[in-house]
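Colleague: In case you want the letters, here they are:
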Amino acid sequence: MRNESCDIFCNVVDNYGDIGVCWRLARQLANEHGLAVRLWVDDLGSMARLCPETDAARDIQQCRGVEVRRWIKPFPEVQPAGLVIEAFACKLPQGYIEAVAAQQRSVWINLEYLSAEDWVHGCHGLPSPHPSLPLTRHFFFPGFTSQTGGLLLERDLFTRRDAFQNDTVQQQAFWQSFGMDMPSAETLKISLFGYENDALHDLFDAWASGAQPVLCLVPEGRILPQVKRYFEDAGRDSSRHGDCVGMNPDLQSCNLLVRVQPFVEQERYDELLWACDVNFVRGEDSCVRAQWAAKPFVWQIYPQHDAVHWGKLQAFLNLYCAPLSSSASEAVHGLWKAWNQENGAGQAWSVFIEMRGELELHAQHWARQLAANNLALNLLDFSQKIGRMRALEIEGQ
Amino acid sequence: MKIAQDLRVGNVILVGTDPMVILKAEYSRSGRNGSVVKMKMKNLLTESAKETVYSADDKFEQIMLDRKEVTYSYFADPMYVFMDGEYNQYEIEAESMGDAINYIEDGMPCEVVFYNEKAISVELPNTIVREVVYTEPAVRGDTSGKVMKPAKINGGFELPVAAFVEIGDRIEIDTRTNEYKKRA
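So the sequences go chain by chain: A and B. For the first sequence, my numbering begins at 1 and goes up steadily by one. For the second sequence, my numbering begins at 1001 and goes up steadily by one.
Honestly, I wouldn't trust all of these hints.
[To be verified] Listed next, the in silico DSBU-like pairs over lysine-lysine satisfying Cα-Cα at most 30 angstroms (straight line):
| # | chain 1 | residue 1 | chain 2 | residue 2 |
| --- | --- | --- | --- | --- |
| 1 | B | Lys1059 | B | Lys1038 |
| 2 | B | Lys1181 | B | Lys1024 |
| 3 | B | Lys1040 | A | Lys312 |
| 4 | A | Lys312 | B | Lys1068 |
| 5 | A | Lys337 | A | Lys91 |
| 6 | B | Lys1118 | A | Lys312 |
| 7 | B | Lys1181 | A | Lys189 |
| 8 | A | Lys385 | B | Lys1152 |
| 9 | B | Lys1182 | B | Lys1002 |
| 10 | B | Lys1152 | A | Lys312 |
[Claimed, not checked] Reference listing, derived: stretches of chain A covered by chain B, where coverage requires no fewer than 3 residues with Cβ under 8 angstroms from a Cβ of chain B:
| # | stretch |
| --- | --- |
| 11 | 144-152 |
| 12 | 348-362 |
Hints in this document: simulated from the structure, not taken from any laboratory. Glycine residues also receive a C-beta, built at the ideal position from the N, C-alpha and C atoms.
Please build the complete structure, drawing on both the sequences and the hints.
Modeller: And the structure:
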């Protein structure tokens, strides 16, 4: 039994992670699998940053094959879709849940956060019978192994990526769209998308004083004030960088040139990752995209107040670094930990970049390996299986 | 009402119209501020067991059950046998013992929980003291209690303890979470 319609519920908590994942999933289900998708979002302003044609003032609109609906209170009376996806346990409206229970037709899935921790294997796909109503939701965990739901990957992503990376004309057009000439071959191109990070100063120092020219592209975001402060500080203390400080009003310090980019939509961000040699990413969605870019990357994990994010970071490092040589593994561990501890990133960088050749090969192999476990396909298979099982149960009653 | 995060082995909750006893509960932090609780539960009407998962803040109606103070007597595979002050014996299946199985000792005081006059689970004191029978040598200098290492207690159960704990030390354990609390 195939579900022809899908409701995705997204509660935007902060940043663009939640809506980023939901928007990707919605488009994939609609455009690649032909489902009629309604995406319910409580903050259309965030949605509009990712999809500029979204009108944040409109309650109902079509965007790229998806019906985008404002999630309002009280929630309107609607016919629940065949497949209901609750993103990140965002709590569906009570009236909607009751409608799902009444019609006994929908498959209800809670799409959880991404984690490489072992416990996820034991929870993926488990039922969660409702405490008071006759319906069951199922927990679906994205992940990096075959015991999880996999990762979101568009059908044509690798084809587009490879075409971009093998086509100088496309690359030139990309750089020109940012008002730049294509960087020289000897320039190391780095994208830097991050939360606030005190290690930035140290890292910029390392890039500025390194032998290789570095072009750092910073998408607009939470790290921007620290980027600006670095150059303001440098301007006040010209002895630190010698005469080259302030030569370029667009943030240049010795061998480091920083360009701040406006916030870009998802497809453009992918191109940025493909165009760069090393990518610094944050949170969940950009971390996955960096893996698809198949380039060395550095992950700033979402920090949690009780420090549980360290276990999550280590779990991913263990998986990601397992095939690497010990020196490359140490280099990745060193820089990722320094970046997340916000301390000592400059020294760790020099070790990391020494291993660039091995890390590039590994990133390519890693992306190919992960691609075998496609979240959207798994989700649809899973929902069909649940639907079949329920049909058998109903028949048996 | 009780949230999933606060449910313990032996608690009985209503799921739909079915009374379910919690056989196992494992709490895990997912992303951001989300948490999940994986629970094995048994339907007290049909005796069928199943694994489930809930958000930590999902709410359940808890069924309040009769309890009786008992002491552990002996194991007669697959039943654990307890005795009250009037020498009445109560049997609990190994599967229904939950994490209590890690700490049970002859003569240990605990509470047996009843549903419809049938003993269905056992609850231990929240804190118990056990001797460490094996652990790697203590790490000198670290007295913070933040650095952990595995240790085996009498009975064979292994849990993380502070790095300064040594063989022969007696430690306090929270039986609800299986966590080391401090040296006794």
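Colleague: If a hint holds in the structure, say so; if it doesn't, say that too.
Modeller: Hints versus structure:
1. Lys1059(B) / Lys1038(B): 14 angstroms, holds
2. Lys1181(B) / Lys1024(B): Holds. Lys1181(B) to Lys1024(B) sits at ~21 angstroms (cutoff 30 angstroms).
3. Lys1040(B) / Lys312(A): 24 angstroms, holds
4. Lys312(A) / Lys1068(B): The given pair, whose Cα atoms are some 42 angstroms apart, is violated under the 30 angstroms limit.
5. Lys337(A) / Lys91(A): Violated. Lys337(A) to Lys91(A) sits at ~34 angstroms, over the 30 angstroms cutoff.
6. Lys1118(B) / Lys312(A): 42 angstroms, violated
7. Lys1181(B) / Lys189(A): Not satisfied, since the Cα-Cα distance of roughly 49 angstroms exceeds 30 angstroms.
8. Lys385(A) / Lys1152(B): 43 angstroms, violated
9. Lys1182(B) / Lys1002(B): At roughly 28 angstroms apart (the allowed maximum being 30 angstroms), Lys1002(B) and Lys1182(B) satisfy the hint.
10. Lys1152(B) / Lys312(A): 26 angstroms, holds
11. 144-152: This one is violated; 0 residues, fewer than the three required, reach chain B with a Cβ under 8 angstroms.
12. 348-362: violated (count 0)
The structure does not agree with the numbered hints 4, 5, 6, 7, 8, 11 and 12 stated previously, though it agrees with the rest.
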